[in-house]
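Novice: Okay, here's what each chain looks like letter by letter:
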Amino acid sequence: MMEKMVFGRYIPGDSFVHRLDPRSKLIFVFIFIAAVFLANNTVSYALLLAFTLFSILASKVRIGFLIGGLKPVMFLIAFTFLLHIFFTKEGDLLFQLGFLKIYEEGLRQGIYISIRFLVLVLMTSLLTLTTSPISITDGLEVLLNPLKKVKFPVHELALMMSISLRFIPTLMDETDKILKAQLARGSDISSGTMKERIQAVVPLLVPLFVSAFKRAEDLAVAMEVRGYRGGEGRTRYRQLKWDWRDTTALLILLAVIVALWFLRG
Amino acid sequence: MERILSLQDVRFTYTPDDPDGRYAVDGVSFDMQAGEWIAVVGHNGSGKSTLARLMIGLLFPQEGTVGLFGDPLTEDNLWEKRSQMGMVFQNPDNQFVGATVQDDVAFALENNGIPFEEMTLRVQGALKQVKMDSFLDHEPQHLSGGQKQRVAIAGALALRPRLLILDEATSMLDPQGREEVIRVILDLRERTGLSVISITHDLEEALLADRVVVMNGGRKFAEGTPQEVFLKGEALTALGLDLPFAMRLSSLLGEQGIHTEPGTMTERKLVEQLWTLRSNR
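Residue numbers (the UniProt record's numbering), protein chains in the order written: chain A, 1 to 265; chain B, 1 to 281.
Bear in mind the hints are in silico, worked out from the structure with no lab data behind them.
Among the hints, erroneous ones may be present.
[Claimed, not checked] Label pairs and their calculated CB-CB ranges:
1. A:62 <-> B:118: 52 to 62 Å
2. B:34 <-> A:150: 42 to 52 Å
3. B:137 <-> A:148: 28 to 38 Å
4. A:190 <-> B:77: 51 to 61 Å
5. A:11 <-> B:192: 15 to 25 Å
6. B:31 <-> A:144: 24 to 34 Å
7. A:169 <-> B:58: 22 to 32 Å
8. B:18 <-> A:148: 54 to 64 Å
9. A:208 <-> B:44: 19 to 29 Å
10. B:20 <-> A:240: 37 to 47 Å
11. A:153 <-> B:31: 53 to 63 Å
12. A:210 <-> B:58: 49 to 59 Å
13. A:91 <-> B:137: 52 to 62 Å
[Claimed, not checked] Facing chain B, a subset of chain A residues (Cβ under 8 Å, in silico):
14. 160
15. 164
16. 165
17. 166
18. 169
19. 170
20. 213
21. 215
22. 222
23. 224
24. 233
25. 238
26. 239
27. 240
28. 242
[Stated by the list, open to error] To list a few chain B residues with every Cβ distance to chain A over 12 Å, as calculated:
29. 17
30. 43
31. 53
32. 134
33. 137
34. 155
35. 183
36. 193
37. 237
38. 254
39. 270
40. 271
Glycine residues also receive a C-beta, built at the ideal position from the N, C-alpha and C atoms.
Given only the sequences and the hints, what does the whole structure look like? Please build it.
Specialist: In structure tokens form, the structure reads like this:
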């Protein structure tokens, strides 16, 4: 199941997009998300779609792979599409089958909203596909740095994120081990009613939690011994480098936004 | 010779409010000179891990003093003293903080505010010392236990410590991983003369040390060179410690009427005696 998930997965590569600084990618995606809402007619939506395709090409991520990973989201897109088609009753009547009436405006709104959805999901997936989670964390830490002025624990949050990311595979292995140990003792989580299955998960979770707390304690001691005293006076080993690529990417985005502004009706 | 560590009548209990509470460490004293390797051995609950925690200021003794590099360890100089020592724990997974090998090695450097340029050099250097320099970008889940422990040692070495404490650092490893880690320590000692304290219940490992401190019930049971300590034979087995394989074998051989020199600790020496047994007669 985990192998097929595209959302939140990172594929190492060496494309233009991969080499962007995580800060510029984060800024890019946030601005893009806001810019998507500027589009309101066919030309502007076409531009959004074209720009998204262009970004995907620049990232050299296989389109087939992206589409394959979109399947869970496809359902949501189809659902909103149908909602708009059947419940918008404006414009010319295009098609009628019994009580089902499809109006021109409904079809148009349905398509627009689907494109909007698609573009948002594709762009955010692209961010996580081309940026390692740890880089995203680094980028966020630097971007959120100004919030330190209002006593927001930016460094602590970033460290928590990176430690959680680091421990995901460890805890997955552990879950697998516990699962096998419980299976060997005759526990069965793959059959029975929903209630029985949920109950069978309890003997899986309890040992997992116990060991996670134990690990957390060990880790805290190890960190303390290695001189961790919070973010104060700390230097950074991971350096972020902003170069011409980042400036170019943001300038292209700016151009797209200006174009959207003029193209919108 | 400079005194790196000195414990004086250290007493510590986890239950200070309980008048009948047992002392986990009960009046232990010993000194350590720069460049020494001391093994602290004892079975579970003998107080050896508590002793390690007292040495690095994770715990403070109720009585007695822990002296590090010439001064007593206090709350005030704790961080400064810690920046001069490294500690490697038992579980390879639970002490890996960074996302990749190089991040983890850099962690202690970041904490101590070492500038970036210096950090890259030190990370490279430390990883080279433990022969993990080709694993810079590896993630912990793709490393073996022995490799993770070597990274942990590199993380300690990057700070250029004067004292390295190994708290059962090899006890969760397979024989191959244990071998790797011990070889790295031996190599380090040879090249840099690093002072090492290894807390262990593996007596084969203790054999490699300059001095062995045997702990039992929170007290120091014996202290001396491995030869002196292991000659106590029976007394050690009574504490629940295993004797080194060569010693056990020679005592069994002795029962069969084949007598080897007392104090034969290593397999190599035993083999030597056995194959020359006839010619000496």
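Novice: The structure should be examined with respect to each hint, and the outcome stated for every one.
Specialist: Hint-by-hint comparison with the structure:
1. At roughly 42 Å, the beta carbons of residue 62 (chain A) and residue 118 (chain B) sit outside the given window of 52 to 62 Å.
2. Under the hint 42 to 52 Å, the C-beta atoms of residue 34 (chain B) and residue 150 (chain A), about 49 Å apart, fit the expected range.
3. Here the CB-CB span from residue 137 (chain B) to residue 148 (chain A) is close to 30 Å, well matched to the stated 28 to 38 Å.
4. Distance hint check for residue 190 (chain A) and residue 77 (chain B): the Cβ-Cβ separation is about 58 Å, which falls inside the suggested range of 51 to 61 Å.
5. The given range of 15 to 25 Å is broken by residue 11 (chain A) and residue 192 (chain B), whose C-beta atoms sit roughly 42 Å from each other.
6. In this structure the hint that residue 31 (chain B) and residue 144 (chain A) lie 24 to 34 Å apart at CB is violated, the actual value being about 50 Å.
7. Taken as a hint, the range 22 to 32 Å holds for the pair residue 169 (chain A) and residue 58 (chain B), whose Cβ atoms sit roughly 28 Å apart.
8. A beta carbon spacing of about 44 Å between residue 18 (chain B) and residue 148 (chain A) contradicts the range 54 to 64 Å that was offered as a hint.
9. Evaluation of the 19 to 29 Å hint for residue 208 (chain A) and residue 44 (chain B) yields a pass: the beta carbon distance comes to about 25 Å.
10. At about 58 Å, the CB distance of residue 20 (chain B) to residue 240 (chain A) disagrees with the hint of 37 to 47 Å.
11. Taken as a hint, the range 53 to 63 Å is violated for the pair residue 153 (chain A) and residue 31 (chain B), whose Cβ atoms sit roughly 43 Å apart.
12. The hinted window of 49 to 59 Å between residue 210 (chain A) and residue 58 (chain B) is violated, with their beta carbons roughly 22 Å apart.
13. Checking the proposed 52 to 62 Å range against residue 91 (chain A) and residue 137 (chain B) shows it holds: the Cβ atoms sit about 57 Å from each other.
14. Because the beta carbon of residue 160 (chain A) sits about 12 Å from the nearest beta carbon in chain B, more than 8 Å, this interface hint is broken.
15. The closest approach between the C-beta of residue 164 (chain A) and any C-beta of chain B is roughly 11 Å, which is over the 8 Å cut-off, so the hint fails.
16. With 8 Å as the threshold, the beta carbon of residue 165 (chain A) comes within range of chain B, its nearest partner Cβ sitting at about 7 Å, so the hint holds.
17. Given hint, residue 166 (chain A) at the interface with chain B, holds; its Cβ is 5 Å from that chain's nearest Cβ, closer than 8 Å.
18. Using the Cβ-Cβ criterion of 8 Å, the hint placing residue 169 (chain A) at the interface with chain B is satisfied: the shortest such distance is roughly 4 Å.
19. Annotation: interface hint on residue 170 (chain A) holds; nearest CB of chain B at approximately 5 Å, less than 8 Å.
20. Interface hint status for residue 213 (chain A): violated, as the beta-carbon distance to the closest one in chain B is roughly 11 Å, over 8 Å.
21. With its C-beta approaching chain B no nearer than about 5 Å, residue 215 (chain A) sits inside the 8 Å limit, and its interface hint holds.
22. The beta carbon of residue 222 (chain A) comes within 4 Å of a beta carbon in chain B, closer than 8 Å, and the hint placing it at the interface holds.
23. Interface hint status for residue 224 (chain A): upheld, as the beta-carbon distance to the closest one in chain B is roughly 7 Å, under 8 Å.
24. Hint status for residue 233 (chain A): holds, given a least beta-carbon distance of 5 Å to chain B, under 8 Å.
25. For residue 238 (chain A), the suggested interface contact is upheld, since its CB lies about 7 Å from the closest CB of chain B, less than 8 Å.
26. A least Cβ separation of about 6 Å between residue 239 (chain A) and chain B falls short of the 8 Å threshold, and the interface hint therefore holds.
27. With a cut of 8 Å, the hint placing residue 240 (chain A) at the interface with chain B is violated, because the nearest CB-to-CB distance is about 11 Å.
28. Contact between residue 242 (chain A) and chain B, as hinted, is not supported at the beta carbon level, the nearest pair being about 16 Å apart and thus beyond 8 Å.
29. For residue 17 (chain B), the non-interface assignment is confirmed: its Cβ lies about 22 Å from the closest Cβ of chain A, beyond the 12 Å cut-off.
30. At roughly 21 Å from the closest C-beta of chain A, the C-beta of residue 43 (chain B) stays outside 12 Å, upholding its exclusion from the interface.
31. The non-interface label for residue 53 (chain B) is inconsistent with chain A: the shortest C-beta to C-beta separation is roughly 8 Å, within 12 Å.
32. Non-interface status of residue 134 (chain B) relative to chain A is upheld: no Cβ of that chain comes within 12 Å, the nearest being about 18 Å off.
33. Interface exclusion of residue 137 (chain B) from chain A breaks down, the closest Cβ pair being 10 Å apart, not more than 12 Å.
34. With 12 Å as the threshold on Cβ separation, the claim that residue 155 (chain B) sits away from chain A is violated: the shortest Cβ distance comes to roughly 7 Å.
35. Against the 12 Å criterion, residue 183 (chain B) stays outside the reach of chain A, whose nearest CB is about 23 Å from its own CB.
36. The non-interface label for residue 193 (chain B) is consistent with chain A: the shortest C-beta to C-beta separation is roughly 22 Å, beyond 12 Å.
37. For residue 237 (chain B), the non-interface assignment is confirmed: its Cβ lies about 31 Å from the closest Cβ of chain A, beyond the 12 Å cut-off.
38. No beta-carbon of chain A is positioned within 12 Å of the beta-carbon of residue 254 (chain B); the least distance is around 44 Å.
39. A cut-off of 12 Å between C-beta atoms confirms that residue 270 (chain B) is not in contact with chain A; the least separation is 38 Å.
40. The Cβ of residue 271 (chain B) lies farther than 12 Å from every Cβ of chain A, with a closest approach of about 40 Å, so its non-interface assignment holds.
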